[in-house]
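2 protein chains.
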Amino acid sequence: MQRIKIGVYDSGVGGLTVLKQLLKKIPYGIDFFYFADTARLPYGSKPQEMVRGFVFEIFDFFRHLNVDAIVTACNTTDSLLTETEKKSLWIPFFSIIEPAVRYLRDSISGKNSVAIIGTEVTVKRSVYLRKLIIDGNISRISQKACPLFVPLVEEGLSDSELTERVVAYYLKEIKAFSPDFLILGCTHYSYLKNAVSKYLGNKTQIVDPAEHVSGQVIDWIGEIGDTNKSRISFYVTGSAEDFKRKATFLLGSNGELKVNHVDLERLGEIINL
Amino acid sequence: MQRIKIGVYDSGVGGLTVLKQLLKKIPYGIDFFYFADTARLPYGSKPQEMVRGFVFEIFDFFRHLNVDAIVTACNTTDSLLTETEKKSLWIPFFSIIEPAVRYLRDSISGKNSVAIIGTEVTVKRSVYLRKLIIDGNISRISQKACPLFVPLVEEGLSDSELTERVVAYYLKEIKAFSPDFLILGCTHYSYLKNAVSKYLGNKTQIVDPAEHVSGQVIDWIGEIGDTNKSRISFYVTGSAEDFKRKATFLLGSNGELKVNHVDLERLGEIINL
Numbered sequence: 128m129q130r131i132k133i134g135v136y137d138s139g140v141g142g143l144t145v146l147k148q149l150l151k152k153i154p155y156g157i158d159f160f161y162f163a164d165t166a167r168l169p170y171g172s173k174p175q176e177m178v179r180g181f182v183f184e185i186f187d188f189f190r191h192l193n194v195d196a197i198v199t200a201c202n203t204t205d206s207l208l209t210e211t212e213k214k215s216l217w218i219p220f221f222s223i224i225e226p227a228v229r230y231l232r233d234s235i236s237g238k239n240s241v242a243i244i245g246t247e248v249t250v251k252r253s254v255y256l257r258k259l260i261i262d263g264n265i266s267r268i269s270q271k272a273c274p275l276f277v278p279l280v281e282e283g284l285s286d287s288e289l290t291e292r293v294v295a296y297y298l299k300e301i302k303a304f305s306p307d308f309l310i311l312g313c314t315h316y317s318y319l320k321n322a323v324s325k326y327l328g329n330k331t332q333i334v335d336p337a338e339h340v341s342g343q344v345i346d347w348i349g350e351i352g353d354t355n356k357s358r359i360s361f362y363v364t365g366s367a368e369d370f371k372r373k374a375t376f377l378l379g380s381n382g383e384l385k386v387n388h389v390d391l392e393r394l395g396e397i398i399n400l
Numbered sequence: 128m129q130r131i132k133i134g135v136y137d138s139g140v141g142g143l144t145v146l147k148q149l150l151k152k153i154p155y156g157i158d159f160f161y162f163a164d165t166a167r168l169p170y171g172s173k174p175q176e177m178v179r180g181f182v183f184e185i186f187d188f189f190r191h192l193n194v195d196a197i198v199t200a201c202n203t204t205d206s207l208l209t210e211t212e213k214k215s216l217w218i219p220f221f222s223i224i225e226p227a228v229r230y231l232r233d234s235i236s237g238k239n240s241v242a243i244i245g246t247e248v249t250v251k252r253s254v255y256l257r258k259l260i261i262d263g264n265i266s267r268i269s270q271k272a273c274p275l276f277v278p279l280v281e282e283g284l285s286d287s288e289l290t291e292r293v294v295a296y297y298l299k300e301i302k303a304f305s306p307d308f309l310i311l312g313c314t315h316y317s318y319l320k321n322a323v324s325k326y327l328g329n330k331t332q333i334v335d336p337a338e339h340v341s342g343q344v345i346d347w348i349g350e351i352g353d354t355n356k357s358r359i360s361f362y363v364t365g366s367a368e369d370f371k372r373k374a375t376f377l378l379g380s381n382g383e384l385k386v387n388h389v390d391l392e393r394l395g396e397i398i399n400l
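Top to bottom, those sequences are chains A and B.
Just add 127 to wherever you are in the first sequence, counting from 1, and you've got our numbering.
Just add 127 to wherever you are in the second sequence, counting from 1, and you've got our numbering.
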């Protein structure tokens, strides 16, 4: 039986939080292809047109890998694509923003306040903000870009005292405003959940979009019956060794991860697996 | 009379500290071309072979601009080039590491200790370390990579309380060892001089390589007599607007800076000025 192939991508290790959720929640054996554009990271501080160019290169790469669906594990690129672009891909595209917005719409009551944190691009694009405002059921909403969070996480400093300082630096106004919900609008930020939660206190519920992606993917998969173990192949544009070390730690993996280096020049070409 | 053209490059705004020194110390009118590869920044955390590729593209770009000399304002790339490569360029290449090493060799006595901070690549390449050890006249030497310093500076946070925390985080061991000299082995770090100096205390003399580059450039220029004002053209691979804002602030410029965007794909092609 042909196994389902799913492409998951991010600029770096942030999207592993999405991959982890998919591995945990999908009850079937899937072939995952995780692409991390570590050579061009961070995405969130770069010009929007440039990052849009990167995404379509990644789509081309997935086309050559012959995947059956793409799950974006990157809020920045998700915010840069139009609904039409997402719908007109040759295979299903699963957004990370959409399910989190739906979850919030179902959870909030008229008097709730929401804050969103993300990269500079994500905050400029204001997709979470606009989608939640359209619903109209929020008393107050604000957003804030935290550009140092991605480098912090990529440096493996998520649980350091330094991170607590950086979190306090960026979230000062949000803490003062004490929102009912805080959306982690960048998958890298999932690793900072403890520090963010500790700083903001119990009143604020942290919403991690990575936790809400799997639902629609599971619906799409339906019943396939393959109960063998899922497999993951990693593709990175930067150092394979470096990524292997980080991903092994972040995924809490015991086995040897299969990490392939991809030359940026060859992204659009056919790759022999 | 033909004015001298000098190409200066860095991954981002760090090299502006070198440009500032050249503008201040060269007594003649020069046409400067400052290239910042902001779309591919940071350099210091990327694979070495990839960054070497970037440098040769930048050299190609300068070749098409027909510059008379290249001044590197980037320690990372300087540390990646061999002596032979630097000498076999079609025009003179001025290192940022060399003059700082010479200055230190002349300044240190047998009992002095030295610490070097830089990007991950610069620290791995150990060029400062090896060149200073070869001299043998040092009692103790150490080096440390500080990967968050470049993002901090690019974020415009050099004088924030957050920077003091990050400085304390990275320089803890160096403070304990209390070296006589600390080399700022990355041009971005020049902007953190105050925070670094405040943290390490008076015993440690901060050596900023950007301040030592101009001497050999001035010797090479000789007497040309053009006493008109120097001109600067900026070329960036990322957002021109963003760079203009940052550079205007960092250079303390009153006038309008001329910042051009260069497509990465067109780096090696002929550019119409």
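None of these hints come from the bench; they were simulated from the model.
Any given hint could turn out to be false.
Identical copies look the same in the list; a pair holds intra-copy or inter-copy alike.
[What the hints assert, rightly or not] Simulated crosslink set (DSSO-like; lysine-lysine; CA at most 27 Å straight-line):
{"id": "1", "residue 1": "Lys356", "residue 2": "Lys258"}
{"id": "2", "residue 1": "Lys251", "residue 2": "Lys356"}
{"id": "3", "residue 1": "Lys214", "residue 2": "Lys238"}
{"id": "4", "residue 1": "Lys325", "residue 2": "Lys299"}
{"id": "5", "residue 1": "Lys385", "residue 2": "Lys251"}
{"id": "6", "residue 1": "Lys385", "residue 2": "Lys213"}
{"id": "7", "residue 1": "Lys147", "residue 2": "Lys238"}
{"id": "8", "residue 1": "Lys238", "residue 2": "Lys325"}
{"id": "9", "residue 1": "Lys371", "residue 2": "Lys271"}
{"id": "10", "residue 1": "Lys213", "residue 2": "Lys147"}
Everything numeric in this text was worked out from a predicted model, so none of it was measured.
message = Within, between, both or neither: how does the pair Lys147, Lys238 come out at a Cα-Cα threshold of 27 Å?
response = Neither way: Lys147 and Lys238 sit 33 Å apart in one copy and 54 Å across, limit 27 Å.
message = Checking an output row: Lys251 and Lys356, CA cutoff 27 Å. Within, between, both or neither?
response = neither (40 Å within a copy, 39 Å between copies)
ask   = When no copy is named, should Lys325 and Lys299 be tagged within, between, both, or neither for a Cα gap of at most 27 Å?
value = both (13 Å within a copy, 25 Å between copies)
Within, between, both or neither: Lys356, Lys258 at alpha-carbon 27 Å = neither (37 Å within a copy, 53 Å between copies)
ask   = Given identical chains, is Lys371 near Lys271, meaning Cα to Cα at most 27 Å, within a copy, between copies, both, or neither?
value = Between copies, since 23 Å is at most 27 Å while 31 Å is not.
message = With identical chains, the pair Lys385 and Lys213 could be close in the same copy or across copies; at 27 Å between alpha carbons, which is it: within, between, both, or neither?
response = Neither. Shortest intra-copy (29 Å) and inter-copy (38 Å) distances fail the 27 Å Cα cut-off.
ask   = Is it within, between, both or neither when you check Lys213 against Lys147 at 27 Å Cα-Cα?
value = within (23 Å within a copy, 47 Å between copies)
message = Cα distance capped at 27 Å. Does Lys385 pair with Lys251 within a copy, between copies, both, or neither?
response = Cα proximity of Lys385 and Lys251: across copies only (25 Å, versus 36 Å in one copy).
key: Homomeric proximity label, Lys238 with Lys325: Cα distance no greater than 27 Å   = The answer is within: 24 Å in one copy meets 27 Å, while 47 Å across copies does not.
ask   = For the identical chains here, do Lys214 and Lys238 meet the 27 Å Cα criterion within one copy, between copies, both, or neither?
value = Close neither inside one copy (34 Å) nor across copies (69 Å); limit 27 Å.
Going through the hint list in order, the structure does not satisfy hints 1, 2, 3, 6 and 7.
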